[in-house]
Amino acid sequence: MIKCGGTSPAVEADDRVQSVCDKVKASLEGKVGHKFNEYKALTVTKQVVAGTNYFVKIHIGNEEYIHVRIFHPLPGQGDPEVHSYQLDKTKEDEVEFF
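Counted the way the UniProt record's numbering counts, the sequence shown spans residues 1 to 98.
A hint or two may mislead.
Said to hold, decoys possible - In silico DSS-like pairs for lysine-lysine, Cα to Cα no more than 27 angstroms straight-line:
{"hint": "1", "residue 1": "K46", "residue 2": "K35"}
{"hint": "2", "residue 1": "K35", "residue 2": "K25"}
{"hint": "3", "residue 1": "K91", "residue 2": "K23"}
{"hint": "4", "residue 1": "K25", "residue 2": "K89"}
{"hint": "5", "residue 1": "K91", "residue 2": "K35"}
{"hint": "6", "residue 1": "K91", "residue 2": "K31"}
{"hint": "7", "residue 1": "K91", "residue 2": "K46"}
{"hint": "8", "residue 1": "K91", "residue 2": "K40"}
{"hint": "9", "residue 1": "K35", "residue 2": "K89"}
{"hint": "10", "residue 1": "K25", "residue 2": "K46"}
{"hint": "11", "residue 1": "K40", "residue 2": "K25"}
{"hint": "12", "residue 1": "K46", "residue 2": "K31"}
Said to hold, decoys possible - Across the chosen pairs, the derived CB separations fall in these ranges:
{"hint": "13", "residue 1": "Q77", "residue 2": "K35", "range": "25 to 31 angstroms"}
{"hint": "14", "residue 1": "E96", "residue 2": "G61", "range": "18 to 24 angstroms"}
{"hint": "15", "residue 1": "N37", "residue 2": "E92", "range": "26 to 32 angstroms"}
{"hint": "16", "residue 1": "T90", "residue 2": "H34", "range": "14 to 20 angstroms"}
{"hint": "17", "residue 1": "F36", "residue 2": "G6", "range": "27 to 33 angstroms"}
Read the hints as simulated data drawn from the structure, not as lab findings. Backbone N, C-alpha and C define an ideal beta-carbon position, used for all residues, glycine too.
Generate the whole structure from the sequences, applying the supplied hints.
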C-alpha cells in the first residue's frame, strides 16, 4: 500500500501504467525532440498526492531508456501530463523519485 506523499517500491509496469504512458507519448516525443522506435513501460514507482505521480522507466528503442515523471490528476481534474523526464538511462538504472 502506498502512503500518501511517499513513493511505492518499484514494480513491473502493468497495462494500466502502459495506458497512462501512452496518453502522454506524443507530448513526451515533442519535449524530447524525436519519435521513439519503441515505447514500452518497464518499471514504475508511484506517489499519491492530489492525484498520482508515476515515475516510469520506458524502453524507447535499441539500448535507450528514459525515466518519465507523469502526473495523473484525480478523476474529473484533467488528463495525465509529463512533469519531467531524464534521458540517457540504462536498463540497470532504478527508477525513483525525481
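Each hint tested on the structure:
1. Only pairs whose Cα atoms come within 27 angstroms are accepted, and K46 paired with K35 is accepted, the gap being roughly 26 angstroms.
2. This hinted pair checks out: K35 and K25 have alpha carbons roughly 9 angstroms apart, not beyond 27 angstroms.
3. The straight-line distance between the Cα atoms of K91 and K23 is roughly 23 angstroms, inside the 27 angstroms bound, and the hint therefore holds.
4. For the hint linking K25 to K89, the alpha-carbon distance of about 17 angstroms falls within 27 angstroms, and the restraint holds.
5. Using a Cα cut-off of 27 angstroms, the hinted pair K91 and K35 holds, with the two alpha carbons roughly 20 angstroms apart.
6. As the CA atoms of K91 and K31 are separated by approximately 22 angstroms, the hinted pair is consistent with the 27 angstroms bound.
7. Under the criterion of a C-alpha separation no larger than 27 angstroms, the hint pairing K91 with K46 is consistent with the structure, at around 19 angstroms.
8. A hinted pair counts as satisfied when its Cα atoms are at most 27 angstroms apart, and K91 with K40 qualifies at roughly 12 angstroms.
9. For the proposed pair K35 and K89, the alpha carbon gap of about 17 angstroms is at most 27 angstroms, so the pair holds.
10. Simply put, K25 and K46 have alpha-carbon atoms about 18 angstroms apart, close enough for the 27 angstroms limit, and the pair holds.
11. The hinted pair formed by K40 and K25 meets the criterion: a straight-line CA distance of about 11 angstroms does not exceed 27 angstroms.
12. Note on K46 and K31: the hinted pairing holds, with a Cα-Cα distance of about 22 angstroms set against a maximum of 27 angstroms.
13. The hint said 25 to 31 angstroms for the Cβ distance between Q77 and K35, and at roughly 29 angstroms that hint holds.
14. As the Cβ distance of E96 to G61 is approximately 23 angstroms, the hint placing it in 18 to 24 angstroms holds.
15. Between N37 and E92, the C-beta spacing of about 20 angstroms breaks the proposed range 26 to 32 angstroms.
16. Taking 14 to 20 angstroms as the suggested C-beta distance range, the pair T90 and H34 conforms, at roughly 19 angstroms.
17. Between F36 and G6, the C-beta spacing of about 30 angstroms keeps the proposed range 27 to 33 angstroms intact.
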